[in-house]
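There are 6 protein chains.
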Amino acid sequence: MAPEELTHLDRHGHVHMVDVTGKPVTRRRARASCRVLMARSTVLGLASRNVGGGDVLEMARIAGIQAAKRTSQLIPLCHPLLLGDVQVRFSVGADHVGVEAEVESVDRTGVEMEALMAAAVAALSVYEACKSLDRSMSVEELCVWEKSGGRSGTWQRTDDGGVVNLRP
Amino acid sequence: MAPEELTHLDRHGHVHMVDVTGKPVTRRRARASCRVLMARSTVLGLASRNVGGGDVLEMARIAGIQAAKRTSQLIPLCHPLLLGDVQVRFSVGADHVGVEAEVESVDRTGVEMEALMAAAVAALSVYEACKSLDRSMSVEELCVWEKSGGRSGTWQRTDDGGVVNLRP
Amino acid sequence: MAPEELTHLDRHGHVHMVDVTGKPVTRRRARASCRVLMARSTVLGLASRNVGGGDVLEMARIAGIQAAKRTSQLIPLCHPLLLGDVQVRFSVGADHVGVEAEVESVDRTGVEMEALMAAAVAALSVYEACKSLDRSMSVEELCVWEKSGGRSGTWQRTDDGGVVNLRP
Amino acid sequence: MAPEELTHLDRHGHVHMVDVTGKPVTRRRARASCRVLMARSTVLGLASRNVGGGDVLEMARIAGIQAAKRTSQLIPLCHPLLLGDVQVRFSVGADHVGVEAEVESVDRTGVEMEALMAAAVAALSVYEACKSLDRSMSVEELCVWEKSGGRSGTWQRTDDGGVVNLRP
Amino acid sequence: MAPEELTHLDRHGHVHMVDVTGKPVTRRRARASCRVLMARSTVLGLASRNVGGGDVLEMARIAGIQAAKRTSQLIPLCHPLLLGDVQVRFSVGADHVGVEAEVESVDRTGVEMEALMAAAVAALSVYEACKSLDRSMSVEELCVWEKSGGRSGTWQRTDDGGVVNLRP
Amino acid sequence: MAPEELTHLDRHGHVHMVDVTGKPVTRRRARASCRVLMARSTVLGLASRNVGGGDVLEMARIAGIQAAKRTSQLIPLCHPLLLGDVQVRFSVGADHVGVEAEVESVDRTGVEMEALMAAAVAALSVYEACKSLDRSMSVEELCVWEKSGGRSGTWQRTDDGGVVNLRP
Numbered sequence: 001m002a003p004e005e006l007t008h009l010d011r012h013g014h015v016h017m018v019d020v021t022g023k024p025v026t027r028r029r030a031r032a033s034c035r036v037l038m039a040r041s042t043v044l045g046l047a048s049r050n051v052g053g054g055d056v057l058e059m060a061r062i063a064g065i066q067a068a069k070r071t072s073q074l075i076p077l078c079h080p081l082l083l084g085d086v087q088v089r090f091s092v093g094a095d096h097v098g099v100e101a102e103v104e105s106v107d108r109t110g111v112e113m114e115a116l117m118a119a120a121v122a123a124l125s126v127y128e129a130c131k132s133l134d135r136s137m138s139v140e141e142l143c144v145w146e147k148s149g150g151r152s153g154t155w156q157r158t159d160d161g162g163v164v165n166l167r168p
Numbered sequence: 001m002a003p004e005e006l007t008h009l010d011r012h013g014h015v016h017m018v019d020v021t022g023k024p025v026t027r028r029r030a031r032a033s034c035r036v037l038m039a040r041s042t043v044l045g046l047a048s049r050n051v052g053g054g055d056v057l058e059m060a061r062i063a064g065i066q067a068a069k070r071t072s073q074l075i076p077l078c079h080p081l082l083l084g085d086v087q088v089r090f091s092v093g094a095d096h097v098g099v100e101a102e103v104e105s106v107d108r109t110g111v112e113m114e115a116l117m118a119a120a121v122a123a124l125s126v127y128e129a130c131k132s133l134d135r136s137m138s139v140e141e142l143c144v145w146e147k148s149g150g151r152s153g154t155w156q157r158t159d160d161g162g163v164v165n166l167r168p
Numbered sequence: 001m002a003p004e005e006l007t008h009l010d011r012h013g014h015v016h017m018v019d020v021t022g023k024p025v026t027r028r029r030a031r032a033s034c035r036v037l038m039a040r041s042t043v044l045g046l047a048s049r050n051v052g053g054g055d056v057l058e059m060a061r062i063a064g065i066q067a068a069k070r071t072s073q074l075i076p077l078c079h080p081l082l083l084g085d086v087q088v089r090f091s092v093g094a095d096h097v098g099v100e101a102e103v104e105s106v107d108r109t110g111v112e113m114e115a116l117m118a119a120a121v122a123a124l125s126v127y128e129a130c131k132s133l134d135r136s137m138s139v140e141e142l143c144v145w146e147k148s149g150g151r152s153g154t155w156q157r158t159d160d161g162g163v164v165n166l167r168p
Numbered sequence: 001m002a003p004e005e006l007t008h009l010d011r012h013g014h015v016h017m018v019d020v021t022g023k024p025v026t027r028r029r030a031r032a033s034c035r036v037l038m039a040r041s042t043v044l045g046l047a048s049r050n051v052g053g054g055d056v057l058e059m060a061r062i063a064g065i066q067a068a069k070r071t072s073q074l075i076p077l078c079h080p081l082l083l084g085d086v087q088v089r090f091s092v093g094a095d096h097v098g099v100e101a102e103v104e105s106v107d108r109t110g111v112e113m114e115a116l117m118a119a120a121v122a123a124l125s126v127y128e129a130c131k132s133l134d135r136s137m138s139v140e141e142l143c144v145w146e147k148s149g150g151r152s153g154t155w156q157r158t159d160d161g162g163v164v165n166l167r168p
Numbered sequence: 001m002a003p004e005e006l007t008h009l010d011r012h013g014h015v016h017m018v019d020v021t022g023k024p025v026t027r028r029r030a031r032a033s034c035r036v037l038m039a040r041s042t043v044l045g046l047a048s049r050n051v052g053g054g055d056v057l058e059m060a061r062i063a064g065i066q067a068a069k070r071t072s073q074l075i076p077l078c079h080p081l082l083l084g085d086v087q088v089r090f091s092v093g094a095d096h097v098g099v100e101a102e103v104e105s106v107d108r109t110g111v112e113m114e115a116l117m118a119a120a121v122a123a124l125s126v127y128e129a130c131k132s133l134d135r136s137m138s139v140e141e142l143c144v145w146e147k148s149g150g151r152s153g154t155w156q157r158t159d160d161g162g163v164v165n166l167r168p
Numbered sequence: 001m002a003p004e005e006l007t008h009l010d011r012h013g014h015v016h017m018v019d020v021t022g023k024p025v026t027r028r029r030a031r032a033s034c035r036v037l038m039a040r041s042t043v044l045g046l047a048s049r050n051v052g053g054g055d056v057l058e059m060a061r062i063a064g065i066q067a068a069k070r071t072s073q074l075i076p077l078c079h080p081l082l083l084g085d086v087q088v089r090f091s092v093g094a095d096h097v098g099v100e101a102e103v104e105s106v107d108r109t110g111v112e113m114e115a116l117m118a119a120a121v122a123a124l125s126v127y128e129a130c131k132s133l134d135r136s137m138s139v140e141e142l143c144v145w146e147k148s149g150g151r152s153g154t155w156q157r158t159d160d161g162g163v164v165n166l167r168p
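So the protein lines, in turn, are chains A, B, C, D, E and F.
Just so you know, we're using the numbering used here here: the first sequence kicks off at 1 and counts up by one.
Just so you know, we're using the numbering used here here: the second sequence kicks off at 1 and counts up by one.
Just so you know, we're using the numbering used here here: the third sequence kicks off at 1 and counts up by one.
Just so you know, we're using the numbering used here here: the fourth sequence kicks off at 1 and counts up by one.
Just so you know, we're using the numbering used here here: the fifth sequence kicks off at 1 and counts up by one.
Just so you know, we're using the numbering used here here: the sixth sequence kicks off at 1 and counts up by one.
Derived by calculation from the structure, the hints in this document are not laboratory data.
These numbers were taken from a predicted model, which means no experiment stands behind them.
Any given hint might turn out to be false.
Below, a list of computed lysine-lysine pairs in the DSS-like style, where the Cα atoms sit at most 30 Å apart [unchecked claim]: (1) Lys-23(F) to Lys-23(C); (2) Lys-23(B) to Lys-23(C); (3) Lys-23(D) to Lys-23(E); (4) Lys-23(A) to Lys-23(E); (5) Lys-23(A) to Lys-23(D); (6) Lys-23(F) to Lys-23(B).
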C-alpha cells in the first residue's frame with residue numbers, strides 16, 4: 001500500500017481503529033527522539049549536581065519507559081501492544097538535553113507511537129524537574145528517526161527531514 | 001523564592017516530590033502550545049475531508065483533555081490535581097497544525113505540566129492519524145506561554161523565548 | 001440556569017469541559033440504578049450457590065465502586081472528583097438482578113455520572129459472571145433516580161420517567 | 001461444553017479467573033448495542049447543532065473505543081486482550097441515540113465484554129453531554145447481538161431475545 | 001544463563017527493560033505468598049462476621065487479581081503480559097491471614113512479579129479493612145515459592161529459604 | 001470512636017466505603033516501612049555497581065512514589081486523595097535493603113495505605129531488579145510506624161509491635 005490515505009477515517013469520514021487482526025505477527029522496532037532546549041545555566045545546574053543530575057535523568061528514563069507501555073491508553077486509535085523492549089537514552093549538550101527512545105515488539109502493528117510517547121514524556125519529566133530554574137524551555141524536533149518491521153519495511157529519516165527506504 | 005533551585009532534589013541529591021501541603025489553595029491557570037509540522041499535501045489531505053479532518057482534530061482534542069487529567073500518573077513528581085477546566089484548540093496552517101491547551105484548577109500547585117501534556121498528546125494523536133500519509137512530521141515548540149496563580153505570579157513567554165512578569 | 005443548553009459545546013460547536021473553577025464546593029449526592037434481565041434459570045443458578053452467588057455480587061460490588069472512582073478517565077468531559085462515599089446494592093428478582101449505586105462527594109460538580117458508571121460496571125460484572133449460562137441477558141433502565149447538591153437543587157425521577165424538583 | 005455452569009466460581013464457590021492458557025489463539029468478534037432514550041427535544045437539540053452534534057458523537061465514539069481497551073481493568077475476571085479492531089457507530093432516532101460497538105481480536109478468549117463496555121461508555125458519554133438538557137434519559141437494551149470465534153462458535157441474538165447458533 | 005547478573009542494568013549502569021523479543025512463547029506459572037500478622041482479637045473479629053469476614057476476603061481477592069493485571073504499570077521494568085489465569089487464596093490462622101497467589105501466562109517472560117503483586121495488594125486490602133481494629137498489623141514473608149516455564153526451568157523455594165531446581 | 005469495629009462492613013455485612021464527606025479537612029501524615037531480605041552477595045552486587053546500584057534504588061523510588069498516587073485504584077475501599085508529598089528513602093544493610101515511605105496530604109482521611117503502598121511497590125521494584133541474582137529474597141515487616149492527623153490523633157508503633165498514642 002502506498003502511504004496515501006488517512007487510514008483512520010472510514011468511508012463516512014469517522015475515525016476508527018485500523019483492523020490489524022489479519023496482519024502477520026512480526027518483529028517491529030522504532031526509534032524516536034527530541035530535545036529539551038534550556039538556558040546554559042540550567043544545563044549547568046542540572047549537570048553540576050553529579051548524583052542529582054543523574055537522578056533527574058533516571059527519573060525521566062523511568063517515566064518514558066512507563067509512558068511507552070501506556071501509549072494505547074493515551075492515543076485513542078493505537079492498539080494495545082506487548083512491548084518487548086524499551087530503551088530511553090539521554091545526551092547533554094551546551095543548551096539542551098537530548099532524549100532518544102527505542103522500542104521493540106513482536107506484534108501486528110508498529111511501535112513508532114510508543115517510541116514518540118516515551119521520548120515526549122521523558123522530555124516533559126526533565127522539563128518538570130527544571131521548571132523552577134528556567135521558564136524559557138521548550139521541547140523541539142520530536143520525531144521518528146527509524147522504523148523497521150511490518151508492511152512498510154525499514155525506513156530512516158534523514159537530517160533534512162526526508163525519508164530513505166532501506167528495505168522493501 | 002527566586003526560581004534558582006532544582007526543587008525536586010533533596011539535600012542528598014535524590015528526587016522527591018515538593019511538599020505542597022503548606023501552600024494556599026488558589027486559582028491557577030496555564031497555557032501551552034506546540035505545532036505538528038507536516039507536508040503541505042498532508043495538511044490538504046487532512047483539510048479536504050471536511051468532516052474527516054474535523055474528526056481527526058476532535059479525536060485529538062479528546063485525547064489531549066484526557067491526558068491532562070492523567071498528568072500525575074505520567075510525570076513522576078507531579079501532584080494529583082482536580083482540574084476544573086481543560087481546553088484544547090487547533091489552528092491549521094499551510095505546513096502545520098497548531099495545538100493550544102489551556103488548563104485551570106483551584107489547587108495548591110500550578111498546572112503548566114497539565115497544559116503541556118494536553119498539547120503533547122493532542123499533537124501525537126494528530127501525528128498518529130496522519131502517519132500513513134507522511135513520515136516527515138515532527139512536533140515543534142512545545143512550551144508554556146502563560147501561567148497565573150500561585151507564588152510565582154503571572155508571567156508570559158515572549159516570542160523571542162524570554163519571559164515577562166505581569167503580576168508579582 | 002434553565003437546563004436548556006448543551007453545556008459541553010463552546011460557541012464554535014466544539015466539545016470542551018465545563019469550567020467549574022468558579023463554583024462553590026458543596027456536598028453532592030446522586031443515586032442511579034439498572035437491572036440485568038436474565039432467564040429465571042440463571043437467577044436460580046446464581047442464587048442456589050449460596051456463597052457463590054454472594055461472591056458474584058461481592059465481585060460486582062467491588063467492580064462498581066472501583067469504576068465510580070475512574071469515571072473521569074472514562075467519560076472525556078467529566079471532572080476528576082474526590083469521592084467521599086460509594087455504595088453499590090443489589091436486589092434479586094425472579095428474572096433479574098437489580099443494581100443501585102449511590103455516590104457522595106464534597107466538590108464543585110455533581111456525581112450522577114459516577115453513580116451511573118458504578119451501576120453500569122457492576123451490572124456488566126454480573127453479566128460477565130453469568131454469560132456462560134445465559135446468552136439472552138441485557139442491561140435495562142440505566143438511569144439517575146435522585147440528585148442533590150449544587151445549582152440544580154434536589155430532584156427525583158418518577159416512575160413514569162418524569163422529574164420532580166424537591167428543593168430549588 | 002454446554003453453557004450451563006457459572007465458570008467463574010471454583011469448587012469452593014469463590015470467584016476466580018477462568019484459565020485460558022490452554023485455549024487456542026483464534027480470531028474472535030463480537031457486536032453489542034444499546035440505546036440512549038431521550039426527549040424528542042433533546043434529540044433535536046443534539047441534531048440541530050450540525051457540527052456540535054457531530055462532535056458529541058465523535059467524543060462518545062472515542063470514549064467507547066478507549067473503554068473497550070480498558071475492559072480487563074474494569075471487569076475483575078476479564079482477561080487482558082490485544083484488541084485488533086474496535087468500531088463504534090451511532091444512529092439517531094426520533095427519541096433516542098442508538099449505539100453499536102464491534103470488536104475483533106486474535107486471542108484465547110472472547111470479546112463480548114469489550115463490545116458491551118464500548119457501547120455502555122459511549123452511551124454514558126452521550127448521556128453526560130446531554131444531561132444539562134434532559135434529566136429523563138435512560139440507557140436501554142445493552143446486550144450482545146453476535147459473537148463468533150472460539151469454542152462456542154457463531155451465534156446471533158434474535159429480536160425476541162432468543163439465540164440462534166449459526167456455526168458449531 | 002547462570003543467575004548472576006543484574007539484568008536490568010546496561011553497560012553504562014543505567015536501568016533498562018530486558019529485551020524479550022527474541023525469547024520463545026512458553027507457558028509460565030508462578031506462586032507467591034505472604035501473611036498478614038494481626039492480633040488474635042482481630043482474626044476473631046474478622047471471622048465472627050460470617051458473611052462479612054467472607055466479604056473482606058472476597059474484596060481482597062478481587063483487589064489481588066486486578067493488581068496482578070496491572071503489574072507492568074507499577075513495576076517500571078516489567079513487561080506487559082497477557083495473564084491467562086490468576087488465583088488468590090486465603091487461609092486464616094490464629095494470629096494471621098495467609099495469602100497465596102498463583103498466576104499463569106503463555107508469554108515471553110515469567111510471572112513471578114505478577115504473583116507477588118497479587119499477594120501484596122490482597123494483603124494490603126485485608127490490612128485496610130482491619131486497620132480500624134488493629135494498628136499492630138504487619139505483612140510478612142512476601143516471597144515466591146514456585147516458578148515454572150522459561151529458560152530458568154522449574155524451581156521451588158524451601159522452608160529454610162533455599163531453592164531447589166526441579167527441572168532444567 | 002474507639003478503634004473497635006470493622007468500619008468497612010455495613011449492617012448487612014457487605015463491604016462499603018466509609019463515608020468521609022462529613023469529616024473535616026486536616027493535614028495528615030503517615031510513615032511506613034519494610035525490608036527486602038536478600039543474600040549478602042546480592043547486596044554486594046547491588047552496591048558494587050556504584051551508579052547502577054544507585055539507579056536501581058532511584059527506579060524503585062519513582063515506582064513507590066507513583067504507586068502511592070494510585071492507591072485508591074488498587075485498594076478497593078480507599079478514597080481518592082490529593083497527595084501533597086511522598087518521600088521514599090532506602091537504607092542498605094548487610095543482608096537487606098530497607099525501604100521507608102512518608103506521605104502527607106490535606107484531606108478528609110488518612111494516608112497510611114498510601115505509605116504502605118509506596119513501600120511495598122518500591123520493595124517489589126528492588127526485588128524485580130535483583131531477581132536474576134537471587135531467588136531467596138523476601139519482603140518483611142511491611143507496617144505503619146507513625147500516623148498523625150485526623151480523629152485518631154498521633155500514634156507511633158514501638159519496636160515490640162505495640163502502639164503509643166502521642167496526642168489525642
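Taking the hints in turn, this is what the structure says about them:
In summary, the hint linking Lys-23(F) to Lys-23(C) is supported, as the alpha carbons are separated by about 21 Å, within the 30 Å threshold. Only pairs whose Cα atoms come within 30 Å are accepted, and Lys-23(B) paired with Lys-23(C) is accepted, the gap being roughly 21 Å. A C-alpha spacing of about 21 Å is found between Lys-23(D) and Lys-23(E), which places the hinted pair at or below 30 Å, so the restraint holds. At roughly 21 Å between alpha-carbon atoms, Lys-23(A) and Lys-23(E) fall within 30 Å of each other, so this suggested pair holds.
Between the alpha carbons of Lys-23(A) and Lys-23(D) the distance comes to roughly 21 Å, so the proposed pair stays at or under 30 Å and holds. A threshold of 30 Å between alpha carbons decides the hint, and for Lys-23(F) with Lys-23(B) the separation of about 21 Å falls inside it, so the pair holds.
Every hint, counting from the list given before, is met by this structure.
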